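Chemist: Chain by chain, the residues:
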Amino acid sequence: MTDLILDVKGLRKTFQLSAKQQKIEKTKQKVKVAVDNLSFCAHRGEIFGLLGPNGAGKTTTLRMLATLIKPDAGDALVDGASIVREPEQVRSRIGFLTSELKLEDFFTPNYLYDFFSDLHQVPDEVRKARKQALFSRFGIDRFAEVKVADLSTGMKQKVSLVISIVHDPDIIIFDEPTNGLDVITARVVTDFLQELRSQGKSILVSTHIFSLAEKLCDRVGVIIDGAMALCGTLDEVCQGKSLEDRFFDLYVERMGEDA
Amino acid sequence: MKGGMLTIFRKELARFFGDKRTALATILLPGLLIFAVYTFMGSALSSQFSVDEDFVPAVQAVNLPGSVSALAGQAGLDIQPAQDVEAAKALIQEEALDLLAVFPPDFDGQVAGYDVTSGAPAPAVELYYNSASVNSSAAYEQMAALLEGYETSLSNKFDVNPGDGTTYDLATQADTAGTLMSSMMPMLLMIFLFSGCMAAAPESIAGEKERGTIATLLITPLRRRDLALGKICALSIIALLSGLSSTIGTLLSMPTLMQMEGGVGAAYTPVHYLALCLIILSTVLFIVACISLISAFAKTIKEAQTYVTPLMILAMVVGVTAMFGGGASPHLWAYFIPFYNSVQAMAGLFALELNWTHLLLTVGCNLAYTALGVWGLTRMFNSEKVMFQR
Chain A
1 MTDLILDVKG LRKTFQLSAK QQKIEKTKQK VKVAVDNLSF CAHRGEIFGL
51 LGPNGAGKTT TLRMLATLIK PDAGDALVDG ASIVREPEQV RSRIGFLTSE
101 LKLEDFFTPN YLYDFFSDLH QVPDEVRKAR KQALFSRFGI DRFAEVKVAD
151 LSTGMKQKVS LVISIVHDPD IIIFDEPTNG LDVITARVVT DFLQELRSQG
201 KSILVSTHIF SLAEKLCDRV GVIIDGAMAL CGTLDEVCQG KSLEDRFFDL
251 YVERMGEDA
Chain B
1001 MKGGMLTIFR KELARFFGDK RTALATILLP GLLIFAVYTF MGSALSSQFS
1051 VDEDFVPAVQ AVNLPGSVSA LAGQAGLDIQ PAQDVEAAKA LIQEEALDLL
1101 AVFPPDFDGQ VAGYDVTSGA PAPAVELYYN SASVNSSAAY EQMAALLEGY
1151 ETSLSNKFDV NPGDGTTYDL ATQADTAGTL MSSMMPMLLM IFLFSGCMAA
1201 APESIAGEKE RGTIATLLIT PLRRRDLALG KICALSIIAL LSGLSSTIGT
1251 LLSMPTLMQM EGGVGAAYTP VHYLALCLII LSTVLFIVAC ISLISAFAKT
1301 IKEAQTYVTP LMILAMVVGV TAMFGGGASP HLWAYFIPFY NSVQAMAGLF
1351 ALELNWTHLL LTVGCNLAYT ALGVWGLTRM FNSEKVMFQR
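Quick note, the sequences are listed as chains A and B, same order.
The numbering of the first sequence is the working numbering, which starts it at 1 and goes up by one.
The numbering of the second sequence is the working numbering, which starts it at 1001 and goes up by one.
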């Protein structure tokens, strides 16, 4: 558990604010700092949780790690590959799932699985065996030839999940893995994450649901307003309190009494 | 990584041809519609401006002289004496009568006694007709020709093109067809190719952005350049098929539309067709690259289509230049200008004046511009501002 799989060093990301947004946020600043000098690391074979309220910069951080967007400053090594200098290497090593990644409605899960396997250059025999295993694991086999447009929300999420790991990545990054899912589907997803951990995979999840983090994560990092407020094992962070109470303490500390 | 490009290429085609309705509407329908509309227009035009073959005009005359009566008899015209000039005019207005000819009294005597050098007004014949009626117009032309012929026969000093089986217009049928094709086809082809590209490209690029499916592609190890190339190649094939269908529809309906004898393609050799294919292929690649760039910039399909429309109008206007200016441009610089080079090269080709320098310059430039477009599209796929701004 000492092997670093994710090493984030001083990540920073800013966005330009339009005049309208400046008015809404009541600020004269043209730039909004979404992530500010964020550093943390995750070890091989653990589930690391990125915790924080909406707008704290969790999704922005994950999108930088998945190389969808580029950091203004800082870098991160994903299994040794730099997200700035070797984005293609990073992409082949991670599985990334977020609600903003959509599947084309027109195609069937079967077609999409093969398509993404090809993009990840998965050999044919491996693909077939993996597809069968994953499809039956999530009950997709009965819907393998149904167009994505006609699937239920939960089934769509399961298909997205399966497709994000067609290449059997060692690192899996999930943004809000249970958002919008019913309890049954959410349970299927969290069980699967634990199963992946037992297979030695490393998992990074972001969530604003503290109970989920308590149940799932080995270590957590609390992000408030784009900066890392506290990072460590669940016990280190909680210090005997519940995660939620501990978070409020940190939040008040950071934001002052007006929070 | 050639594999990535091929995977994208196959997916795009699977997406397009998997949707039978879109595929039919984009590929078969334009050709069928163009064929039906042009054929209908052609036959409607020809029937509007010609009279039935066994048409006998109803003609009345006042003071019909013996000489004209004899000539009319030979020509198969049946001329009745008019009872009342005003009544006859009214009948012509009602299209119940086709023509009224009013001769001066003793027309033959007046004509015989008229001296051209005297300067006095010549004896006049008045022909009343109704230009709104096809039959009346035909009767007027028949009668006027008959009288002109009679006048010529009275004092024939010389003839121009007397006929007797000689063909005076030395243009071959190939030349005539070539001139016609060279003025029309470049513009039509530009429109067809452009509409083909319009049908596929915005949906494939702006559509993927709009639906959020492009991000799913962007987190795979797929190279951005392979994504750009795969899309452009697949979209070009769709656009080519759509353009091909429209072109076949046009060529098949051309004889009816233009009332030409025989086919229009007879004069062209396989070399011409090969050259045309080269021009069209390079043009389509270039158009697809343009529309793809615009679509990548747009946030929605609708926005992409709005942005592309001015470009399409520009391409059409450039296509019209082939109708004027008398053939392909002889200047070398013309073949560096996108759109204009394709139109001019096609105009030269259709006029049977194949110039390999112009042709290769056109194809080369189009391919170079396409490469530039692929580079630009790759940059755009790499840009988070372009891909993810809302």
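Keep in mind that the hints are not guaranteed to be accurate.
[What the hints assert, rightly or not] One-sided and incomplete, this derived list gives chain A residues near chain B with beta-carbon spacing under 7 Å: (1) I69; (2) D72; (3) S92; (4) F106; (5) V122; (6) P123; (7) E125; (8) V126.
[Said to hold, decoys possible] Calculated pairs, DSS-like style, for lysine-lysine (alpha carbon to alpha carbon, straight line, at most 30 Å): (9) B:K1020 x A:K23; (10) B:K1020 x A:K147; (11) A:K9 x A:K215; (12) A:K70 x A:K26; (13) A:K70 x B:K1020.
FYI, nobody ran anything at the bench for these hints, they're computed from the structure.
No experiment lies behind these values; they were computed from the predicted model shown.
All C-beta atoms, glycine included, are put in the ideal place defined by N, C-alpha and C.
Chemist: Compare the structure with the hints numbered earlier in the document and write down the numbers of the violated ones, lowest to highest.
Modeler: 2, 5, 6, 7, 8, 9 and 13
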